[in-house]
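Trainee: Chains as they are written, first to last, in my numbering: chain A, 1 to 175; chain B, 1 to 184.
Be careful, since some hints might not be right.
Below, computed lysine to any residue pairings styled on SDA-like, alpha-carbon distance capped at 25 Å [claimed, not checked]:
#, chain 1, residue 1, chain 2, residue 2
1, A, LYS52, B, GLU136
2, A, LYS52, B, LYS152
3, A, LYS52, B, HIS170
4, B, LYS61, B, THR134
5, A, LYS2, A, ALA26
6, A, LYS46, B, GLU2
7, A, LYS2, B, HIS170
8, B, LYS125, A, GLN59
Treat the hints as calculated values from the structure; they're not laboratory data.
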Amino acid sequence: MKSCDEIRELVGAWGDGELSQAEAEAVRLHVEGCSACAEERRQLDKLNVSIKSVLASQQPIAFEPFWRGLERRISEKRSWPAGWLDRLRMPLGRPNLAWGIPALIGLALVLYSLGVWKEQTPRNNFAAVESIDAYGRNVALLRENETRTTVIWLYQNQEGDNETSGETSDQSPAF
Amino acid sequence: MELSDWELVQKCQLGEIGAFQELVSRYQQKVYLVILGLLRNPDDAMEVAQETFFRAYRKIKSFEGGSSFYTWLYRIAVNIAIDAQRRQKRNLLDFRDNMDEVFEEQQEVAKDPFADVHEKELREKLLSAINDLTPEHKAVIVLRTLEGLSYKDIGDILGCSEGTVMSRLHYARKKLQEKLRAFL
Chain A
1 MKSCDEIREL VGAWGDGELS QAEAEAVRLH VEGCSACAEE RRQLDKLNVS IKSVLASQQP
61 IAFEPFWRGL ERRISEKRSW PAGWLDRLRM PLGRPNLAWG IPALIGLALV LYSLGVWKEQ
121 TPRNNFAAVE SIDAYGRNVA LLRENETRTT VIWLYQNQEG DNETSGETSD QSPAF
Chain B
1 MELSDWELVQ KCQLGEIGAF QELVSRYQQK VYLVILGLLR NPDDAMEVAQ ETFFRAYRKI
61 KSFEGGSSFY TWLYRIAVNI AIDAQRRQKR NLLDFRDNMD EVFEEQQEVA KDPFADVHEK
121 ELREKLLSAI NDLTPEHKAV IVLRTLEGLS YKDIGDILGC SEGTVMSRLH YARKKLQEKL
181 RAFL
């Protein structure tokens, strides 16, 4: 036999239809024979009706402006950091791809240690032309850093009488 | 023949925006009223309702149908609303301003279900008492009384057991009853 306090804890759930058949029957029998618990039930019923009435009495909202606002929000292009984070979050957030993050970090370390990202020597090709005597003979120097080649080119200004001497050297000429 | 929620969700997952529009039209009003029940401010409720559907749209590919669509949707809505409510409560002055606006709006509603002064007073006291509840207690009251959801569905939405829902409801109703005893 349940006490009034125990029954009052169940009256709300009984009104909601959430008790088992046996519990519901026990509450019903008690409430029918107890004026204090019957009053409790009446107050709860009135409270529920009042709450519903207050909460449901709000002005409804129109669908069209709501949908337009939502559609605008959906189509709005997200800022690039947020967009990229979203794209990363999806594949990397999956449990079966959890190994991907340490694997990526490991791969990056290996590539770094192999020097893939070492800074390349900037191209600094050098060319110079110098007149070496009064007969129109010139010397031209071309230094190409990428292949470490130096070309020394001797020539004369007079047409048809060009003296050309190609010479390659791995070392810079001593000028 | 009208498509079920799950059929519409599957179409959404294939990129059909029209299917999502249909889902929005089915639940927009209900979601808005639940959020309004929690926040009491129509502008905030509208913002949270839109954010709810926006997040649902972004996450819809991850919805696998383990629960019903509306349970999933309400879970998103209630979580955002409870967060918003906590922020709202931190600024008590704003909160009181919102309450005053709500009371004014309530009195302007043409089809007033409360005919006499006694009933109007009850409504004001009731709104005030509901607002004094914790977000978790307010959520169970709104989901049960307004939406008529089962304890199981409420538990799924709030991430708690049916027993916890029952206990929270009992406690919340008791609080409201104590504050409104003179009117009941």
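Trainee: Hints numbered earlier in the text: which of these fail when held up against the supplied structure?
Mentor: 4, 6
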